[in-house]
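> Going line by line, the protein sequences match chains A, B, C and D.
So in full-length UniProt numbering, spot 181 of the first sequence is number 181, and the numbers just go up one at a time.
So in full-length UniProt numbering, spot 176 of the second sequence is number 176, and the numbers just go up one at a time.
So in full-length UniProt numbering, spot 58 of the third sequence is number 58, and the numbers just go up one at a time.
So in full-length UniProt numbering, spot 304 of the fourth sequence is number 304, and the numbers just go up one at a time.
Please note that a few of the clues may not be correct.
[Claimed, not checked] Below are the PhoX-like pairs computed for lysine-lysine, each with C-alpha atoms no more than 25 Å apart in a straight line:
| # | chain 1 | residue 1 | chain 2 | residue 2 |
| --- | --- | --- | --- | --- |
| 1 | B | Lys293 | C | Lys4 |
| 2 | D | Lys193 | D | Lys117 |
| 3 | B | Lys193 | A | Lys293 |
| 4 | B | Lys6 | B | Lys146 |
| 5 | D | Lys59 | B | Lys193 |
| 6 | B | Lys147 | A | Lys293 |
| 7 | C | Lys59 | C | Lys4 |
| 8 | A | Lys6 | A | Lys59 |
| 9 | C | Lys59 | C | Lys73 |
| 10 | D | Lys214 | C | Lys258 |
| 11 | B | Lys258 | A | Lys214 |
| 12 | B | Lys258 | A | Lys175 |
| 13 | D | Lys59 | D | Lys3 |
[Said to hold, decoys possible] If the Cβ cut is set under 10 Å, some of the chain A residues that face chain C in the computed set are:
| # | residue |
| --- | --- |
| 14 | Gly186 |
| 15 | Val187 |
| 16 | Ser188 |
| 17 | Ala190 |
| 18 | Arg192 |
| 19 | Ala194 |
| 20 | Val196 |
| 21 | Asp197 |
| 22 | Tyr198 |
| 23 | Phe200 |
| 24 | Glu202 |
| 25 | Asn204 |
| 26 | Glu205 |
| 27 | Asn245 |
| 28 | Lys293 |
No lab work stands behind these hints: they were computed from the structure.
Please read all numbers here as calculations on a predicted model, not as lab measurements.
A virtual CB, placed ideally from N, CA and C, is assigned to each residue, including glycine.
Number of protein chains: 4
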Amino acid sequence: MDKKVKVGIVGASGYSGEELVRLLLSHPHVELTAVTSRQYAGQTLAQVFPKFGHLPQSKQLRFTEPNSELLAKQAQLIFLALPHGVSAEYAVPLLQLGCQVIDLSADFRLKSAEIYKEFYAHDHPAPELLATSVYGLPEVYRSAIKKATLIASPGCYPTSVLLPTLPLLRAGIIKHTGIIADSMSGVSGAGRKAEVDYLFVECNESVRPYGIPKHRHLSEIEQELSVAASTPVVIQFTPHLIPINRGILTTLYLAPEKHFSTVAEAEELNRQITACYQAAYANEPFVRILEGKALPDTKNVTGTNVIEIAWRLDHRTGRLIVMSAEDNIVKGASGQAVQSMNIMCGFPETAGLL
Amino acid sequence: MDKKVKVGIVGASGYSGEELVRLLLSHPHVELTAVTSRQYAGQTLAQVFPKFGHLPQSKQLRFTEPNSELLAKQAQLIFLALPHGVSAEYAVPLLQLGCQVIDLSADFRLKSAEIYKEFYAHDHPAPELLATSVYGLPEVYRSAIKKATLIASPGCYPTSVLLPTLPLLRAGIIKHTGIIADSMSGVSGAGRKAEVDYLFVECNESVRPYGIPKHRHLSEIEQELSVAASTPVVIQFTPHLIPINRGILTTLYLAPEKHFSTVAEAEELNRQITACYQAAYANEPFVRILEGKALPDTKNVTGTNVIEIAWRLDHRTGRLIVMSAEDNIVKGASGQAVQSMNIMCGFPETAGLL
Amino acid sequence: MDKKVKVGIVGASGYSGEELVRLLLSHPHVELTAVTSRQYAGQTLAQVFPKFGHLPQSKQLRFTEPNSELLAKQAQLIFLALPHGVSAEYAVPLLQLGCQVIDLSADFRLKSAEIYKEFYAHDHPAPELLATSVYGLPEVYRSAIKKATLIASPGCYPTSVLLPTLPLLRAGIIKHTGIIADSMSGVSGAGRKAEVDYLFVECNESVRPYGIPKHRHLSEIEQELSVAASTPVVIQFTPHLIPINRGILTTLYLAPEKHFSTVAEAEELNRQITACYQAAYANEPFVRILEGKALPDTKNVTGTNVIEIAWRLDHRTGRLIVMSAEDNIVKGASGQAVQSMNIMCGFPETAGLL
Amino acid sequence: MDKKVKVGIVGASGYSGEELVRLLLSHPHVELTAVTSRQYAGQTLAQVFPKFGHLPQSKQLRFTEPNSELLAKQAQLIFLALPHGVSAEYAVPLLQLGCQVIDLSADFRLKSAEIYKEFYAHDHPAPELLATSVYGLPEVYRSAIKKATLIASPGCYPTSVLLPTLPLLRAGIIKHTGIIADSMSGVSGAGRKAEVDYLFVECNESVRPYGIPKHRHLSEIEQELSVAASTPVVIQFTPHLIPINRGILTTLYLAPEKHFSTVAEAEELNRQITACYQAAYANEPFVRILEGKALPDTKNVTGTNVIEIAWRLDHRTGRLIVMSAEDNIVKGASGQAVQSMNIMCGFPETAGLL
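In isolation and in its complexed conformation, chain A is listed as follows:
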């Protein structure tokens, strides 16, 4: 590990790109050698993001126009922080040129080009890569990530839904039907786009649902739930926009397989859930199962790669309520992508993330 791995970021001026810059500039085992941005080409990192100005590299590293051939010379591993549809344009040549690619867009998350078209409304730009891309959820696909050359880093909402749900589904503790995920996201989830809907005055003192009832992230959530349940899963997903910069809070409504009406039955079920999460996450550095009275709060994970999970059984309704909190830009995007990189490169998995 003496020699640092050279990495680059395509689309480094959006919120996810900027967070990748932050994480990679302070990462002990990599050197950030390329950042691209059509808008800021020619300017240094320090000029575009004054907040990085006290880091020495920020005055030397300049944004360039994105160019796959050049990038392949500058870096061995490339992060793509681009809109869906555009990512594939870079992933294809970069892989051919021998780079490892971690894509933060939705382009390589779905295994079916047909479902991609259904949800993203255009033909998949590189369907031949879907068979080899690995869904970059380390808690689930760690061994595949280790050997991958193309990572499809999960979406922010899917991460907040999948990590609390998958172990329960695999263990047969909950039914695969009737799942509801109700989420609240900070405004950074909408990206750094100049649109009236995301102006301060339009978002402050406002809370609103959107993308109802068929948000794009459903496709990715259902794909992974179906794998865990070994049967097709269809869920209800409702995102809301709330006036915070960062964070997603997801509340899940789940149906336990076993009925519990007595105190003893509830305690037994609680023990099973505890054991299930322990088995899945006791050694996971970025999953925090809350104990006692604590409930997830986005402010406890802001700026970190941690997801908080807690649950409550409701004997009145027979339901299991599971709640999660994450930073949508870290565990929900750039932090998780760096976690995948650490695994691919053989670094300690928490390098640069604690």
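Add chains B, C and D to chain A, keeping to what the hints say.
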């Protein structure tokens, strides 16, 4: 209507009390003659709330210690903006002294003293009044409100859940089982209490669930849903705290009685829902059924007595998603209480509320 | 006053235009007959602004393309809520067609076309109107407003600086040199423009100065201070952007003409200032001089046409600190424009504003 | 540096204490061995602050009642994050027991016990220590800090005022008279205290001045400015509270010694200021002098130990405007205290702070 009705507010320095002051000072048919507050007794309205300083009455009207005998001389109708348990201490003597009482606490909302004790953890302070108190939801109980002497004004969450749900339940469009209400509330819902949990720094950039799974408002919601369904109803209710001053956004997950898998079936069901809401609310001045692509947004109702409602059918899951937005302090508390007063006193129902 | 005056708004979809709609829809003596917006032409008020949906007129009134000839038929008095430079294009023909015009832009505030060009970087579009336009600050120009046909409604920052300063300057209590105005504004001051700088994520958890040292509003502030001082006045003005929707807080650093080093001298000066403000504002419905320990707070004026003013003498430095708070969209824009309309039309000055 | 230095925090549950915990848990050269809190004694760090839960030490380290004798056994260096007046109660015995002490309160900042009493309204609790305590502003007192046993870490406002001002004053570029500092602070500056004034609803959508005209921090600011100017300095200081969690933006109004009316004179003065700041801060890791059009923004320094500084000359008024932005809890409190510790202990000055 030449002579103004004299009204008083007990507990006028909390958020609901302050909003009652705002609404009543500009109400065309009432005169605010008494405001009480142990903390501010002796001070004028203008001294305690500089924002009312440009209204002439604010310099004359002084807070007093609460005293039922005195209040009964000063006013014919009294609003109680007090914590549960305390309200009854004033309601009982005020009614005996011939006043009309509109209580904003939970003390007279439940018809069962037993359920009250289950949810509020103390014996009901005046169970003899439960038979005659009227639940002050004008869209449902208008004729009873007209003749009532004691109004139990509904809670903020219950209003946001009941108005969208009751017509569907009464019409048999949805099942009375499996109802889920997921709500997000602004911080004013916690009251003007000096607690660390509600400090700016603790709430800003934070979203968190609380009161899971058995929030007190459940009792009131289930009571009214059961009346509408003519059978006991048990629901799931999950409140969340978000960093806005005012507003509640509730997302309801409902199961239509009829399955809808074809486009034609969905359209037919949509027509039924439209007709159901039209029948219930077309003439209601404060219920806004959204059309087209619009979805509820708390910022569209802040400061008003309006509740916004919209819905979507999800043919993938077979569910009906209904969403509502209200100002928790207006339609969810003080505005609705004034609406009840307008009905009781024979004023136009929108007086002072548009 | 039986017959309502017909009014129109050109540019009704920005923040000031929207606020004019709110104020005029509930104004007792006017009928809003025309609202224009290139972007929303053809749609009803209720469609564009759901929050007005419970007001009957909102479903009938449709946005139109702006057309002076048509407007002159639809309304007698027209508000222009347009960018500077554009306002004049409508003011000129509307005046010729016999309308009264209240312009919320900077186009007719400056008496000198040369200074206009210096600060706004283009030739004045209608210099011939500068002699007859009246600066719409009712507390100063009430009698001229009464007879005016063209009102130049003051800017938000200028209102917050001028109302606290002018009486002191006219009375010779403060020096006309060395004046510093340090202001903080909510984000609505930037307008409803899709620019990255005003996105929620860019403004939340941020405070920043801008437009230093020569903001455009300086020209207007200095013109009016110079009139009051009867000599050219040059001041320091520093605006800052803070994460609130509405409100301007201005802190003024002023030098009293008289030195005060003893307690008695300070008390005497305090009495003079009190008397000066009393003389100027005791009968002004929208100026609130704070007493005792109270200091201005934007939340006390949000949504109202009130400006709060307080002051402190600092015997350590010999300075007078005066602070003001206003709602930048109401007293700083649309509310003040309606106040001018009330004066022009002979309505009670507070009509529609309390 | 093989062996880690053991450190403790007295008062670890306030905002500054919590930030010290964050910084020290990830510091490469120290071991956090003691945290005290009367309120949370007996609980682990992870229980009180869930956000630290993914760090192994958080599950082992428990809050204790503060006890100087015990602390002196547990740690060599102690941070005091306590209210003024209380700090001295611990500083005195801890120093006698041989500990190094870094105090974040105001107790040892002022060299005069008399001025302390004037500003803090009680007798100084340990005046004998004032002669040896060192004001912990590393950019000014680095060599004294190196040898100190008692550090008085500067206040948040003073840091934001002094770092931009001292070099100009020492170089004779600005006059020592007429200085005005206008500051805006986030709400964390008020501490984690359960007071109504700092509730979310009271601070959100609000901006207000306070502590006018004689805030306690004036004493400390004027002491240090006087040292730099070699003559007593009296300034104007106006703090404002704005709805952000963290950050202070200070705008300074200064009078250059030299008049500048021509472009050439202004350019010459600009060169002098640039040179002055370069000489003072070119090698300082935590001072960022902004170039070009950039102006300070608190969001660029949140969570970091950096202070941003920019300036503008105004040829119209002859003034120099200097602006600074810092995180009030990091460079304004805990980060700066850690910076002092690094110097005292011979660690790299940026250890744990980048």
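> Return the numbers of the hints above that this structure violates; sort them in rising order.
The structure conflicts with hints 1, 5, 6 and 28, although it agrees with all the remaining ones.
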